[in-house]
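Peer 1: For reference, the chains in residue letters:
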Amino acid sequence: MSNVRVLVGTRKGAFILTSDEKREKWNVSGPHFAGWEMYHLKGSPADPNRLYASQSSGWFGQTIQRSDDGGQTWEPVGNEFIYDGVPGTHQWYDGTQHPWEFKRVWYLEPSPTDPNTVYAGVEDAALFRSSDGGQTWQEFSGLRNVKGHLWQPGAGGMCLHTILLDPNNPNRIFVAISAAGAFRTDDGGETWQPATNGLVSGFELPDPTAEVGHCVHNIAMHPSRPNVLFMQKHWDIMRSDNAGESWHKVSGNLPSDFGFPIAVHAHEPETIYVVPIKSDSEHYPPEGKLRVYRSRTGGNEWEALTNGLPQSHCYVNVLRSAMAVDTLESCGIYFGTTGGQVYVSPDSGDHWQPIVRDLPSVMSVEVQVLP
Amino acid sequence: MIRVVLPQHLRTLARVSGKVELEVAAPVTQRSILDALEAKYPMLRGTIRDHVTRQRRPFLRFFACGEDWSHESPDAPLPDAVATGAQPFLVVGALAGG
Numbered sequence: 057m058s059n060v061r062v063l064v065g066t067r068k069g070a071f072i073l074t075s076d077e078k079r080e081k082w083n084v085s086g087p088h089f090a091g092w093e094m095y096h097l098k099g100s101p102a103d104p105n106r107l108y109a110s111q112s113s114g115w116f117g118q119t120i121q122r123s124d125d126g127g128q129t130w131e132p133v134g135n136e137f138i139y140d141g142v143p144g145t146h147q148w149y150d151g152t153q154h155p156w157e158f159k160r161v162w163y164l165e166p167s168p169t170d171p172n173t174v175y176a177g178v179e180d181a182a183l184f185r186s187s188d189g190g191q192t193w194q195e196f197s198g199l200r201n202v203k204g205h206l207w208q209p210g211a212g213g214m215c216l217h218t219i220l221l222d223p224n225n226p227n228r229i230f231v232a233i234s235a236a237g238a239f240r241t242d243d244g245g246e247t248w249q250p251a252t253n254g255l256v257s258g259f260e261l262p263d264p265t266a267e268v269g270h271c272v273h274n275i276a277m278h279p280s281r282p283n284v285l286f287m288q289k290h291w292d293i294m295r296s297d298n299a300g301e302s303w304h305k306v307s308g309n310l311p312s313d314f315g316f317p318i319a320v321h322a323h324e325p326e327t328i329y330v331v332p333i334k335s336d337s338e339h340y341p342p343e344g345k346l347r348v349y350r351s352r353t354g355g356n357e358w359e360a361l362t363n364g365l366p367q368s369h370c371y372v373n374v375l376r377s378a379m380a381v382d383t384l385e386s387c388g389i390y391f392g393t394t395g396g397q398v399y400v401s402p403d404s405g406d407h408w409q410p411i412v413r414d415l416p417s418v419m420s421v422e423v424q425v426l427p
Numbered sequence: 337m338i339r340v341v342l343p344q345h346l347r348t349l350a351r352v353s354g355k356v357e358l359e360v361a362a363p364v365t366q367r368s369i370l371d372a373l374e375a376k377y378p379m380l381r382g383t384i385r386d387h388v389t390r391q392r393r394p395f396l397r398f399f400a401c402g403e404d405w406s407h408e409s410p411d412a413p414l415p416d417a418v419a420t421g422a423q424p425f426l427v428v429g430a431l432a433g434g
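Chains as they are written, first to last, in the working numbering: chain A, 57 to 427; chain B, 337 to 434.
Mixed in with the good hints, there may be bad ones.
Chain B regions said to be covered by chain A (calculated; three or more residues, Cβ under 8 angstroms) [unchecked claim]:
1. 356-368
2. 411-421
Only pairs whose alpha carbons sit at most 27 angstroms apart, straight line, appear in this in silico DSSO-like list of lysine-lysine [as the list claims (entries may be wrong)]:
3. Lys203(A) with Lys78(A)
4. Lys159(A) with Lys68(A)
5. Lys345(A) with Lys334(A)
6. Lys81(A) with Lys305(A)
7. Lys345(A) with Lys376(B)
8. Lys203(A) with Lys355(B)
Quick partial rundown of chain A residues pointing at chain B, CB under 8 angstroms, derived from the structure [what the hints assert, rightly or not]:
9. Glu136
10. Thr145
11. Trp148
Keep in mind that the hints were calculated from the coordinates and are not lab data. The beta-carbon is built from N, C-alpha and C at its ideal position, and this holds for glycine as well.
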């Protein structure tokens with residue numbers, strides 16, 4: 057029988073939730089790194105017991121932690137994120153240029169083949185990689201050459217929060233940056249191009265179809281079809297069928313197409329999930345009803361999934377990295393809320409139950425299936 | 337022997353309890369103490385001083401003998417009481433309010 061391990065990052069520590077494949081009874085371990093902001097934890101597909109964690113603090117800065125035993129013990133590794141060359145400047149709130157300054161690591165993406173290789177998305181926006189298990193980090197500075205001087209931090213910071221590695225092409229990587237957009241490299245990270253054709257940001261940008269400046273919240277792909285991408289933009293659910301060359305809107309009948317995470321079913325590449333949020337100024341579900349929406353048609357036609365989720369007086373948010381799917385035969389969907397709940401549906405979203413209810417505000421959720 | 341008091345989160349990170357003791361050659365300054373601290377506990381690099389600028393992180397303070405040394409030169413000699421180990425050098429997390 058397989059087991060599942062859910063890695064939860066919160067504002068005040070990390071938690072590890074484990075269960076068997078029924079996903080009914082759960083063991084809760086934590087808080088690990090109590091009191092620290094745990095932006096993201098993720099396991100290596102090549103070695104599930106190799107975990108990486110981003111540990112951050114307004115007082116003490118950034119630390120990267122690594123585990124080789126599935127999170128039972130941890131070792132701090134390298135935390136030196138030095139921008140390549142002269143960091144340069146980006147647009148600041150007052151219209152002046154402002155130097156790039158490292159603040160924190162938002163996202164860690166381990167290599168699918170090498171446990172010692174891991175990518176890090178950071179604020180101020182940049183992509184780093186370590187090839188020695190997190191001891192040292194090197195930047196892909198070509199990314200910031202894509203009109204980086206025009207990037208401007210949004211309210212949440214100028215963060216690189218999404219990294220998608222093409223499973224069929226090791227030279228192709230997609231990244232997304234808040235208030236800057238989506239980008240793609242086809243040469244292993246040396247050069248990059250914007251992947252924003254078709255995005256329209258009429259309320260956020262003076263030129264609604266500008267190459268950079270779109271506030272992309274999250275992008276997801278199914279590993280069997282890496283040219284098909286699904287995006288939760290600030291507003292709008294978008295889809296690309298050509299690896300980000302162009303996008304079209306698939307918001308369809310959603311009650312709101314503002315939100316943060318987007319996920320793809322593990323076995324059905326046309327089944328996708330979002331959590332609609334009322335608006336950019338009211339970060340909670342419409343009508344106080346926590347509803348995950350599922351489309352089995354790759355967008356446009358959406359159904360509300362509510363069984364087991366609070367349908368009144370619910371005013372939590374679900375952040376961009378706080379939804380994940382497992383790869384068990386009956387696909388499990390997981391998400392965490394800013395109210396500290398972590399929910400699981402062991403049947404593709406039809407029925408939900410809370411695993412835990414009262415954690416600190418959840419920032420990230422990842423899941424591993426263990427033999 | 338120099339004695340250094342770290343805030344709780346850095347003690348946890350460095351896996352120490354109580355005060356940290358360091359051998360530091362004269363003259364004993366904030367810089368020489370922090371250099372010795374980071375050499376003995378490499379996981380603390382970047383958590384007290386910025387990796388690049390070596391400046392104190394904004395929400396940390398350095399206290400010695402009842403005085404705030406945070407804005408003094410990192411190369412200014414610290415009081416003899418710190419240099420002899422009679423008094424500790426304190427790394428303190430700034431108040432967060434609320």
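Peer 1: Taking 8 angstroms as the limit, does the beta-carbon of Trp148(A) come near enough to a beta-carbon in chain B?
Peer 2: 18 angstroms, violated
Peer 1: Can you confirm whether the C-alpha distance between Lys159(A) and Lys68(A) stays at or below 27 angstroms?
Peer 2: Holds, at about 18 angstroms.
Peer 1: Mind checking the alpha carbons of Lys345(A) and Lys334(A) for me, to see if they're no more than 27 angstroms apart?
Peer 2: Distance of about 10 angstroms is within 27 angstroms: holds.
Peer 1: So is the region 411-421 of chain B in contact with chain A by the C-beta rule, three or more residues under 8 angstroms, or is the coverage claim wrong?
Peer 2: Result for this restraint: violated, n = 0.
Peer 1: Below or equal to 27 angstroms on CA atoms is what counts here, so check Lys203(A) against Lys355(B).
Peer 2: 49 angstroms, violated
Peer 1: Do the numbers back the hint for Glu136(A), that is, is its least Cβ distance to chain B under 8 angstroms?
Peer 2: Since chain B brings a Cβ to about 5 angstroms from Glu136(A), closer than 8 angstroms, the hint holds.
Peer 1: For the pair supplied as a hint, Lys81(A) and Lys305(A), confirm whether the alpha-carbon distance does not exceed 27 angstroms.
Peer 2: 39 angstroms, violated
Peer 1: Report holds or violated for chain A covering the region 356-368 of chain B, Cβ cut-off 8 angstroms, minimum 3 residues.
Peer 2: Contact hint for the region 356-368 of chain B vs chain A: violated, 0 residues under 8 angstroms.
Peer 1: Between Lys203(A) and Lys78(A), is the straight-line Cα distance small enough, at 27 angstroms or below?
Peer 2: 48 angstroms, violated
Peer 1: Given the hint that Lys345(A) pairs with Lys376(B), does the C-alpha gap stay at or below 27 angstroms?
Peer 2: Roughly 53 angstroms separates the two Cα atoms, so the pair is violated.
Peer 1: Using 8 angstroms as the Cβ threshold, decide whether Thr145(A) counts as touching chain B.
Peer 2: With a minimum Cβ separation of about 16 angstroms from chain B (threshold 8 angstroms), the hint on Thr145(A) is violated.
The structure fails hints 1, 2, 3, 6, 7, 8, 10, 11 (numbered hints given earlier, in ascending order).
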